[in-house]
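Residue-level listing of the chains:
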Amino acid sequence: MKKFGEIALGVVTSIGGFLEVGSIATSAQAGSEFGFQLGWAVLVGSVALMFLMEMSGRLSAVTTRTFADQLRERFGIRGFLLPLVAVLAVSFLVLSSEIGGVAIALQMATGVGFRVWALPIAFLGWLVLWRGTFGTVEKGAAMLGLVSIVFAIAAAALHPRWSSIAAGLVPSAPAHDRARYWYLALSILGASISPYLYFFYSSGAVEDKWTTEHLSVNRVTASLGNIFGGGLALMGVVVAALVFLPRGIRVERYEQLGMLLTPALHHPGFVFFLATLGITCFGTTLEITLSLAYVLAQGLGWTWSENLRPSRDSRFSTTYTITIFLAAIPILLGADVLKLTNVSMVLTAASLPLSVLPLIVLMNDREVMERHVNGIAGNVALVAIAIMSVVLFVVAVPLQIMGGG
Amino acid sequence: MRVVRLRGDLLVGRMVRDADGRKAGRIHEMTIEPAAPGSTEYVVREFRLSGDGWLEALAGRELASALARRSGRPNGRTVSWEDLDLSDPVRPKLRRTIAELDAARAVSPARSPRGDAARS
Amino acid sequence: MRIPHRSWSTLGAVVIALAGALVACSGATEPDKQLDSLRSWQASVRLATSAVHLGWTPRRYGRQLHDQGASVLEESRKAKLKDASAADSAAIRGAQRALEASLDSLAAAAGS
Amino acid sequence: MSSLDLVHDVLDMQLVDRAGEKMGRVDGITLELRDGEPPRVAELLVGGTVLADRLGGWMVALAQLFAHVTGAKPVVTRVPFAVVQEISSTITLDAQGGATSALRTERWLDRIICRIPGSSDKSGKEQK
Numbered sequence: 001m002k003k004f005g006e007i008a009l010g011v012v013t014s015i016g017g018f019l020e021v022g023s024i025a026t027s028a029q030a031g032s033e034f035g036f037q038l039g040w041a042v043l044v045g046s047v048a049l050m051f052l053m054e055m056s057g058r059l060s061a062v063t064t065r066t067f068a069d070q071l072r073e074r075f076g077i078r079g080f081l082l083p084l085v086a087v088l089a090v091s092f093l094v095l096s097s098e099i100g101g102v103a104i105a106l107q108m109a110t111g112v113g114f115r116v117w118a119l120p121i122a123f124l125g126w127l128v129l130w131r132g133t134f135g136t137v138e139k140g141a142a143m144l145g146l147v148s149i150v151f152a153i154a155a156a157a158l159h160p161r162w163s164s165i166a167a168g169l170v171p172s173a174p175a176h177d178r179a180r181y182w183y184l185a186l187s188i189l190g191a192s193i194s195p196y197l198y199f200f201y202s203s204g205a206v207e208d209k210w211t212t213e214h215l216s217v218n219r220v221t222a223s224l225g226n227i228f229g230g231g232l233a234l235m236g237v238v239v240a241a242l243v244f245l246p247r248g249i250r251v252e253r254y255e256q257l258g259m260l261l262t263p264a265l266h267h268p269g270f271v272f273f274l275a276t277l278g279i280t281c282f283g284t285t286l287e288i289t290l291s292l293a294y295v296l297a298q299g300l301g302w303t304w305s306e307n308l309r310p311s312r313d314s315r316f317s318t319t320y321t322i323t324i325f326l327a328a329i330p331i332l333l334g335a336d337v338l339k340l341t342n343v344s345m346v347l348t349a350a351s352l353p354l355s356v357l358p359l360i361v362l363m364n365d366r367e368v369m370e371r372h373v374n375g376i377a378g379n380v381a382l383v384a385i386a387i388m389s390v391v392l393f394v395v396a397v398p399l400q401i402m403g404g405g
Numbered sequence: 001m002r003v004v005r006l007r008g009d010l011l012v013g014r015m016v017r018d019a020d021g022r023k024a025g026r027i028h029e030m031t032i033e034p035a036a037p038g039s040t041e042y043v044v045r046e047f048r049l050s051g052d053g054w055l056e057a058l059a060g061r062e063l064a065s066a067l068a069r070r071s072g073r074p075n076g077r078t079v080s081w082e083d084l085d086l087s088d089p090v091r092p093k094l095r096r097t098i099a100e101l102d103a104a105r106a107v108s109p110a111r112s113p114r115g116d117a118a119r120s
Numbered sequence: 001m002r003i004p005h006r007s008w009s010t011l012g013a014v015v016i017a018l019a020g021a022l023v024a025c026s027g028a029t030e031p032d033k034q035l036d037s038l039r040s041w042q043a044s045v046r047l048a049t050s051a052v053h054l055g056w057t058p059r060r061y062g063r064q065l066h067d068q069g070a071s072v073l074e075e076s077r078k079a080k081l082k083d084a085s086a087a088d089s090a091a092i093r094g095a096q097r098a099l100e101a102s103l104d105s106l107a108a109a110a111g112s
Numbered sequence: 001m002s003s004l005d006l007v008h009d010v011l012d013m014q015l016v017d018r019a020g021e022k023m024g025r026v027d028g029i030t031l032e033l034r035d036g037e038p039p040r041v042a043e044l045l046v047g048g049t050v051l052a053d054r055l056g057g058w059m060v061a062l063a064q065l066f067a068h069v070t071g072a073k074p075v076v077t078r079v080p081f082a083v084v085q086e087i088s089s090t091i092t093l094d095a096q097g098g099a100t101s102a103l104r105t106e107r108w109l110d111r112i113i114c115r116i117p118g119s120s121d122k123s124g125k126e127q128k
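Residue numbers (this note's numbering), protein chains in the order written: chain Z, 1 to 405; chain R, 1 to 120; chain S, 1 to 112; chain C, 1 to 128.
These are computed hints drawn from the structure, not numbers from a lab.
Quick reminder that beta carbons are idealized off the backbone N, C-alpha and C, glycines included.
Hints may contain errors.
[Stated by the list, open to error] These stretches of chain Z come out as covered by chain S in the derived footprint (C-beta under 8 Å, 3 or more residues): (1) 102-111; (2) 249-256.
[Stated by the list, open to error] Straight-line alpha carbon distances no greater than 25 Å define the calculated DSS-like cross-link-like pairs of lysine-lysine that follow: (3) Z:209 x S:33; (4) S:80 x S:33; (5) Z:209 x Z:139; (6) Z:339 x S:33; (7) S:80 x Z:339.
Isolated chain Z, as found in the complex:
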């Protein structure tokens, strides 16, 4: 049990990358339109997030300060401003769509419209942050998040040919709808390596008081977390490929996803899909709300910690309180969750270079990392991710127009 506590941070962070409202929709769309062929995007996303999490965790364990601290201190307020504005704007949109994800799960379960649920969800999320410690959020979301294993169970129940799934892990060009194919690849990658994830992971490492003794725990946490998140997202693609593709169903509205697991698992399939959607989106809501408050508090030097009573770090707790209720408003006004996730996915891809490029400098700065600077593998991976993030940035808008929703 204590071991699970250690990797909970990795599980929660990767849930935010692979099993939140955007990723569940995109995995289903990828499977329902291109079968297993887009599996490689999930694999690349998980490997990239694994490296980014390991590095931001190592940065925090070695310096006992977070990625946002280092961004402000190493690059000054100007170097910090653009990543800050980008991360706050993009994460706020994703936060709204996460609240929308929980609301839609409740709508499908109860028949009561999703707009009604927006404020109650925000209130419940606020209550958990107000009363709970970082451990509550981290371990609670990770434990509950295990329900998403239902994707793997459904995939196994459909007896897929595992060899053709493996074939899908090798990147290949599509036979039809090229723009749509690359748009979905961009969405999968954009959702999985979103900046709020490694800002959260880095803050979590400081909240959990990691030191250089935790460097191996950090590696295990980053890899197991992503094998869990990425693996289950891949299972989502597989189930959609086996259930929707043969029937010619293309996912255009979230409600269609309610049937995703029913052919394989019947009534429990419906119940567990809603439970998964609701739980993972709620966990990601807590994660992003905290991440926004962390980046702002660390950037401006406020006292911050989810382990402190709210009155001990008033500016931090006020920030997450305002953020979560503000983010519920678009859902209250009936925003289309799928459209919201599409927009936020594209903007996430567009904001990636602003946080990945500075990481290259930080992870190789001996004054910051001492002897724990990046090795060759780390640098090769980081440069590859940086190049990919610049490419995503350039193609994000055109692809959305040609291949979008």
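Starting from the structure of chain Z, add chains R, S and C where the hints point.
Quick look at chains R, S and C alone, frame taken from chain Z:
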């Protein structure tokens, strides 16, 4: 003795021109030391001007100075406080020309770019 | 060409705002996209109908999906078709009728 | 403490008081020019408007608008450089944070937050 107060952080990034008006580089660092051994009063000994190369244009000043610092190769020149006229902080000027400065610099060995700051 | 840092941040903000705006107004409807959407919805409604019959999903979920399908059908009937040939229009009308039929059987199963 | 780099080691660094309470970051630095003497590092500055000056242009306008809308009069906290006790990965001040204007907003919000239940009683969260 006239005392003028100015915002040191706003000097960062300002272009310094020499006596002939030629660009000498932008201020990107100021080395400070105790006024006298053991004193708590700190004074600015040197200003470091960054080069204006492609790296800075491409990556922006912050990334360029961070990379330069990391690679240990200061990509600019060091100017002693006596040589910098800050009467107009928006347009700092050197009291001598770049040629004279570099010649003087060649004679006296440059101080190590960074003293051994008290690093925890 | 030296870009002063301040304009980098405004440039960045403009690009992000532009991306948001462009994205909102994308998605014109060509005939084949219309056809795909109608057929996909017909398949979804048929799956939902059997799911409700077999007790895999509750009836209220069936009703929700029925309403979604109905709104897609209505939008499709209202939408103006960009340069659609006679054959395309006929195919689309056929798909619309098929969707309407499966919506009726879902309504019967789920009890509107 | 010996020779330091003002921008790299001081500017934007985290300020911490005697008790380890965070007091914001070094948003600005005041230098004193004296004829024939090297410029003296007079004060460290903490405050939103100080930060806005460094970003210039529309950020200054934004800061003024925010101050106007919220009616909060912007305050600049001036920390004499002599109060600095140690400079390492953070800057420790020989001061009591709560007493300075750097935590003025924090104190102002405290009064509001304490009225919300669960904000200050023991709820599994540390008292620190």
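Structure-based check of all given hints:
1. 102-111: n = 4 at 8 Å, threshold three: holds.
2. 249-256: holds (count 6)
3. Z:209 x S:33: violated (53 Å)
4. S:80 x S:33: Holds, because 13 Å separates the two Cα atoms, which is no more than 25 Å.
5. Z:209 x Z:139: Roughly 15 Å separates the two Cα atoms, so the pair holds.
6. Z:339 x S:33: Holds, because 17 Å separates the two Cα atoms, which is no more than 25 Å.
7. S:80 x Z:339: It holds: about 22 Å lies between the C-alpha atoms, which stays within 25 Å.
Going through the hint list in order, the structure does not satisfy hint 3, though it satisfies all others.
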